[in-house]
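**Student:** Letter by letter, the chains look like this.
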Amino acid sequence: MEHAPYETIELYIRNLMTPADRKAFETQVAADPDLAGEVAFYEALLLHRDKSLAAEWKAKGEKMLAGDTPPLKAATVNRFRIQWAAAASLILMLTATGIWYTQFYNPYGSVVTQYMEPYRYSGDLGVQIPGTEDRDWQRALALYRERSYEQAAILANGLENSRQYADDARLLGGVILIEQKHPEKALQKLRDVRSPVLRQKAQFYSALAFLQDKKPEKARAILTEIAKDGSSHYQDEAREILQKIE
Amino acid sequence: MTNSLPSLHKPCSGYTDDDLVSMIKAGGGHSRKAFNCLYELYFDMVRMSVKYHRLEKNHILDAYTQALLSFHTSILAGKWERRGTLRAFFAIIFRFKCIDTIRSNPTISLDAALEEYLRKEAEDGATNPEEIMIGDEEHSMENDRAEIRKRCLEEASGELQPREMEILTDYFVNNYKAKDLAEKYGYKNAGVAKTTAYNLKNKLNRSIRELCEKKPECRIICP
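Residue numbers (this note's numbering), protein chains in the order written: chain A, 1 to 246; chain B, 1 to 223.
Source of the hints: derived by calculation from the structure; they are not laboratory data.
Check each hint, because a few of them may be wrong.
[Said to hold, decoys possible] Taking lysine-lysine pairs in the DSS-like style, the calculated list, with each CA pair at most 25 angstroms apart, reads:
id	chain 1	residue 1	chain 2	residue 2
1	B	LYS201	B	LYS215
2	B	LYS201	B	LYS177
3	B	LYS179	B	LYS25
4	B	LYS25	B	LYS215
5	A	LYS58	B	LYS25
6	B	LYS57	A	LYS51
7	A	LYS51	B	LYS201
8	B	LYS203	A	LYS51
9	A	LYS181	A	LYS228
10	B	LYS25	A	LYS51
11	A	LYS23	B	LYS203
12	A	LYS51	B	LYS188
13	B	LYS203	A	LYS60
14	A	LYS63	B	LYS25
Produce the entire structure from the sequences given, and follow the hints as far as they go.
**Tutor:** Below you can see the structure in the form of structure tokens.
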């Protein structure tokens with residue numbers, strides 16, 4: 001069967017044509033009795049169909065309003081669920097971002113990496129008859145250079161009461177803790193370094209530890225002191241870092 | 001055209017807007033399924049409208065039914081251009097039908113809260129309501145003519161049995177294939193069903209012509 005004429009006829013009957021198209025169609029109908037007959041025929045069917053559907057839907061609607069049929073949940077239309085899900089997603093995203101920022105992201109990480117130098121012992125290792133402490137210290141240094149940090153740290157901890165190696169051991173321990181990204185523990189170790197010779201190093205490492213700990217104000221305070229101290233070996237580095245973290 | 005139609009066995013919530021539109025355009029059983037689903041999916045608008053009880057339940061149901069019929073023709077005419085959701089497109093039509101209902105009943109008025117609710121439903125329509133409803137405005141201008149035509153055509157249709165009108169409607173309006181028609185109405189084969197449909201068409205046309213000869217006021221429906 002040919003549907004094409006009926007589609008046009010339906011548009012005409014339902015008044016969904018533009019005024020120009022409607023006028024053109026009416027002219028056509030007026031000139032063509034067969035077309036006029038088709039319009040009347042199809043209009044009769046549409047009226048019948050509309051009446052049947054209206055009666056059927058009205059009965060269905062009354063039944064639904066009376067509560068016999070529960071409302072159908074559309075997959076795409078429950079606004080409250082969509083809004084709740086969107087809010088929950090936003091909170092989750094913000095929380096995840098917050099966790100990432102506080103726990104993982106460090107804006108000063110690159111500065112610490114750039115200026116962090118390995119620990120170097122500047123003391124004398126050439127004892128002819130090494131005692132236990134000497135051997136332990138040498139072993140600690142060797143392990144540190146091999147990056148066996150945990151074993152090096154154990155030995156260094158054992159030497160913190162040593163008469164000769166106490167401050168070096170604390171400094172080594174502090175550096176290892178910075179390498180292992182434990183800045184708070186590193187600061188505790190570095191704070192106890194008393195020797196004036198090693199104090200400058202300990203101060204500089206402390207500044208780096210504060211940056212690693214995301215406490216730039218405290219790092220700035222130390223670096224400012226170092227930058228003013230003409231005798232410090234870290235004066236240039238301190239000035240550079242201060243510029244970077246401004 | 002029907003090779004990509006969604007299955008008839010899906011739950012209503014499983015159809016996308018595009019699925020429903022393609023089912024409506026396909027006609028037959030697919031169109032029926034689509035409208036059954038749409039009736040239920042959008043019925044919350046009726047519930048909300050009834051809640052604002054300035055409009056009676058019957059008025060709302062009538063407006064809803066008329067909106068669905070206009071919606072059907074609008075879809076076939078390609079008025080939904082996917083610029084918004086299908087639901088919002090329907091909401092625009094429903095809102096206008098509610099206003100039409102009020103216009104024809106001077107004792108009732110559109111509650112402000114209902115107006116606001118329907119306006120919000122239609123917000124996502126992204127369609128100019130004027131483009132959809134232009135036909136309805138013109139119809140109101142030719143109301144008397146339309147009423148006469150309607151009365152006369154219903155009288156002419158009355159000469160056929162309800163089953164005969166159903167067969168004609170299914171074949172010529174609901175786009176049933178001859179094979180489906182044969183199955184639904186128990187004909188021997190598609191050929192018999194098609195012949196029956198065209199015989200009934202001749203019968204209705206004859207009835208229309210006879211009415212025009214009998215009643216001068218019904219000449220409006222005749223060529």
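**Student:** All hints are to be evaluated individually against the structure, with a verdict given for each.
**Tutor:** How the hints compare with the structure:
1. B:LYS201 - B:LYS215: holds, 21 angstroms
2. B:LYS201 - B:LYS177: Holds: LYS201 of chain B and LYS177 of chain B sit about 16 angstroms apart, inside 25 angstroms.
3. B:LYS179 - B:LYS25: holds, 19 angstroms
4. B:LYS25 - B:LYS215: The hint is violated at about 37 angstroms.
5. A:LYS58 - B:LYS25: holds, 23 angstroms
6. B:LYS57 - A:LYS51: Satisfied, since the Cα-Cα distance of roughly 19 angstroms is no more than 25 angstroms.
7. A:LYS51 - B:LYS201: holds, 19 angstroms
8. B:LYS203 - A:LYS51: Cα-Cα ~21 angstroms, so holds.
9. A:LYS181 - A:LYS228: violated, 28 angstroms
10. B:LYS25 - A:LYS51: Holds: LYS25 of chain B and LYS51 of chain A sit about 20 angstroms apart, inside 25 angstroms.
11. A:LYS23 - B:LYS203: Judged against 25 angstroms, a Cα distance of about 30 angstroms means the pair is violated.
12. A:LYS51 - B:LYS188: It is violated: about 29 angstroms lies between the C-alpha atoms, which goes past 25 angstroms.
13. B:LYS203 - A:LYS60: Given that 25 angstroms is the threshold and the Cα spacing comes to 33 angstroms, the pair is violated.
14. A:LYS63 - B:LYS25: violated, 28 angstroms
In terms of the numbered hints stated before, the structure departs from hints 4, 9, 11, 12, 13, 14, listed from lowest to highest.
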